[in-house]
Amino acid sequence: MKRFLVIIFLTILISINVSLVNAEIGRAEVSVVGMACPFCAYGVEKKLKKVEGVGSIIINMQEGTATMSAKKGESINVRQVPEAVEDSGFSPGEITITARGKIKADNQKRLLLKVAGSKDEFIIKEPEQGIKKQILKYAESGSLVDASGVIIDQSGRTWTLSVGSIKEVSR
Amino acid sequence: MNRVSRKRGFFLCALIIFVAFMTDTTTLAAPITFNTALPVAKGEGILRVQTKYIRSTDDPGPLDRELTVRAFPVVGVYGVTEKLAVFGIVPVLDKELELDTFSGRKTRSVSGLGDITFLARYTVWKKDEPGRTFRIAPFVAIETPTGDDDEKDSLGRLPQTLQLGSGSWDPSIGIVITRQTLDWQIDASSSYKFNIEANNFEFGDIARLDISYQYRLWPRNLGAGVPGFIYGVLESNLIWQDRNRLNGMDDSNSGGTTWFLTPGIQYVTKRIVAEAAVQLPVVQDLNGTALKNDFVAILSLRTNF
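Going down the list, the sequences are from chains P and V. 1 is the number of the first residue of the first sequence in my numbering; add one for each residue after it. 1001 is the number of the first residue of the second sequence in my numbering; add one for each residue after it.
Treat the hints as calculated values from the structure; they're not laboratory data. Nothing here was measured: the structure is a model prediction, and the numbers come from that model. There could be a bad hint or two in this list.
Here are the simulated lysine-lysine pairs, DSBU-like style, with alpha carbons at most 35 Å apart [stated by the list, open to error]:
| # | chain 1 | residue 1 | chain 2 | residue 2 |
| --- | --- | --- | --- | --- |
| 1 | V | LYS1083 | P | LYS49 |
| 2 | P | LYS133 | P | LYS114 |
| 3 | V | LYS1127 | P | LYS125 |
| 4 | P | LYS49 | V | LYS1127 |
| 5 | P | LYS71 | V | LYS1152 |
| 6 | P | LYS50 | P | LYS119 |
| 7 | V | LYS1106 | V | LYS1292 |
Build the full structure now, drawing on both the sequences and the hints.
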């Protein structure tokens, strides 16, 4: 009985640890097209603050971008970002994310980034030769990775991500 | 009514062209003296408080009139959608007129709530580019008869010009175009106000053409973050008013065209816009003995909430 309870306890401990390690979409940056004055930037900030998982936002007027960081232990729901920018009165441009997850192949032999700790996933656009080897290696090993890239297609249920950099999460 | 009283009546009515458009409170947002087409975020609001000091002492008539108006419009703005914004403009007015009478120099004055205006503005077209935007937004407004239009003093009923309200529901239509970049902004607005008869009196309709140029003076170079901007502002306000009608007859001492040049300055942060401007009449082509303007001084504060 004692051994059983220890096993249960360790299992719970490991699960918590895994969910803490398996962070998610921790950072997202969106180009806010048309934003050109500080007073307008406040409306953008307020709308993006309502996106699920967003903790803090930094607006850069010169670059025309809003960079969101996730709340501790949460994942940014990037699918809400385009609508939030439109609600502020401007046009959403390119979205760049940094996400933690695993690379898997689906039954159509497409590579997917499955975001850890959530049901979110992204189709990985056919990678360039330089990074393709790395991605295939991580797909084969099932390693937990941090991937950064630009979302290039927001149509459909699963968005497409062009991965710019990827590295294995240290254990 | 004897000839002198009629003459005085006409002279007093001649103030209207000045007072009516000077207290026009549909002016707000990025330009200092009129509206902009820039968006209000959906479900968000803006509050603007202004103080206007209007002085007019250039009287071509014999009564040596001096008019001082202090207006304190409070404007609430709400973004119903990202394209549709609604405005409520609540003016608090303090008007004082000094003039010569048979019994010496007299002062007639009144203070209180003026006519509240409601306005709706809708963006029909926009083109957003990195660091710049171009928008077109028509608007409609209705000025409601909330101000008292039957104020009296020891000399009797105040002339219509000095009343706090017009007594009528007066609609306006217009369109505003805005082009904004990180370095400068241009706004242009055209509007027409239909003044409706009340108390046997009808203010002349008003047509306006307003242009504003705002140039970022500081900081000269943008870095990261959202710094406060200081804009130098130059605006042009071209205002034409038709003659007033009293008991169905045109008042020949009312109406005309005024062109103001308005230099100003703005300090803009994420949460507030603090601004100051002075409207200087460069052309005043008024009918008959209509009272001419000296200047209008404006202080304003806007806040996001």
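Status of each hint after checking the structure:
1. A threshold of 35 Å between alpha carbons decides the hint, and for V/LYS1083 with P/LYS49 the separation of about 20 Å falls inside it, so the pair holds.
2. A distance of roughly 18 Å separates the Cα atoms of P/LYS133 and P/LYS114; the hinted pair therefore holds under the 35 Å criterion.
3. Annotation: proposed proximity of V/LYS1127 to P/LYS125 holds, straight-line Cα distance about 30 Å (limit 35 Å).
4. With a C-alpha separation of about 25 Å, the suggested pairing of P/LYS49 with V/LYS1127 holds against the 35 Å cut-off.
5. In summary, the hint linking P/LYS71 to V/LYS1152 is not supported, as the alpha carbons are separated by about 63 Å, beyond the 35 Å threshold.
6. About 20 Å separates the Cα atoms of P/LYS50 and P/LYS119, which keeps this hinted pair within 35 Å; it holds.
7. With a CA separation close to 20 Å, the supplied pair V/LYS1106 and V/LYS1292 stays within the 35 Å bound.
In this structure, only the earlier hint numbered 5 is contradicted, and the remaining ones agree with it.
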